[in-house]
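With the hints as constraints, model all of the structure from the sequences given.
Read top to bottom, the protein sequences are chains Z and C.
22 is the number of the first residue of the first sequence in my numbering; add one for each residue after it.
39 is the number of the first residue of the second sequence in my numbering; add one for each residue after it.
Simulated from the structure, these hints should not be mistaken for laboratory data.
Computed beta-carbon distance windows for the label pairs:
1) V92(C) <-> T41(Z): 38 to 44 Å
2) Q62(Z) <-> T149(C): 19 to 25 Å
3) S103(C) <-> F81(Z): 31 to 37 Å
4) D91(C) <-> T41(Z): 40 to 46 Å
5) K43(C) <-> E73(Z): 34 to 40 Å
6) N80(Z) <-> K109(C): 18 to 24 Å
7) S45(C) <-> N80(Z): 20 to 26 Å
8) T101(Z) <-> E94(C): 46 to 52 Å
9) Y31(Z) <-> N105(C): 40 to 46 Å
Computed footprint of chain C on chain Z, listed as stretches where at least three residues anywhere in the stretch have a Cβ under 8 Å from a Cβ of chain C:
10) 68–79
11) 124–132
Every beta carbon over 12 Å from chain Z, so not counted as near; a handful from chain C, in silico:
12) V51
13) Q119
14) V150
Cβ atoms here follow ideal geometry from the backbone N, Cα and C, with glycine treated the same way.
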Amino acid sequence: KAGVTQTPRYLIKTRGQQVTLSCSPISGHRSVSWYQQTPGQGLQFLFEYFSETQRNKGNFPGRFSGRQFSNSRSEMNVSTLELGDSALYLCASSFRIGNTGELFFGEGSRLTVL
Amino acid sequence: QQQVKQSPQSLIVQKGGIPIINCAYENTAFDYFPWYQQFPGKGPALLIAIRPDVSEKKEGRFTISFNKSAKQFSLHIMDSQPGDSATYFCAASNPSGSARQLTFGSGTQLTVLP
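Right, here's the structure in full:
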């Protein structure tokens, strides 16, 4: 069974630009969560999607948004990039919402903002 | 109240040693406590998890000890091997409406010397 696939793996943007990251969950998994990982703040929850609806949202500004498609694939978008947005963005999938914490993570998309 | 405090930040042991990583939480609504292992360039992977109605859980060389009254839990790695060198994250999960989110500790970088 293929794991969680994230694209692109690496990208470099400049301040003010926007970026879209993509996540394909494990087949059959309907819940997709996004996390931001930085050396200073660690792993922080961004949002969770299930059945194309955002079910939970972390404490991030409105510049961070996401969506989920009918095939459970998800995208997240960051607009008006700031230097502090440089991070590893991790997508995680699970079978269903309300899971027990058994998330399966992808390898992440590493964003560098110059 | 949503924080999970993890210590130590880094840990170096000899092969065969028993590293212990500790975590503490405040939110009594947390009801599921997973540990994740992350190798460089990879996403976190679920290692072992415990619920608060159990005081200890073992899976292979990995053991979680849970102290509900103290709101603390810890990971022990028996007979540690160089291949265990990784970053370990404790986490706590609580239901939030119909959704769940994981609150992660800050991580412990473990090095097992050969």
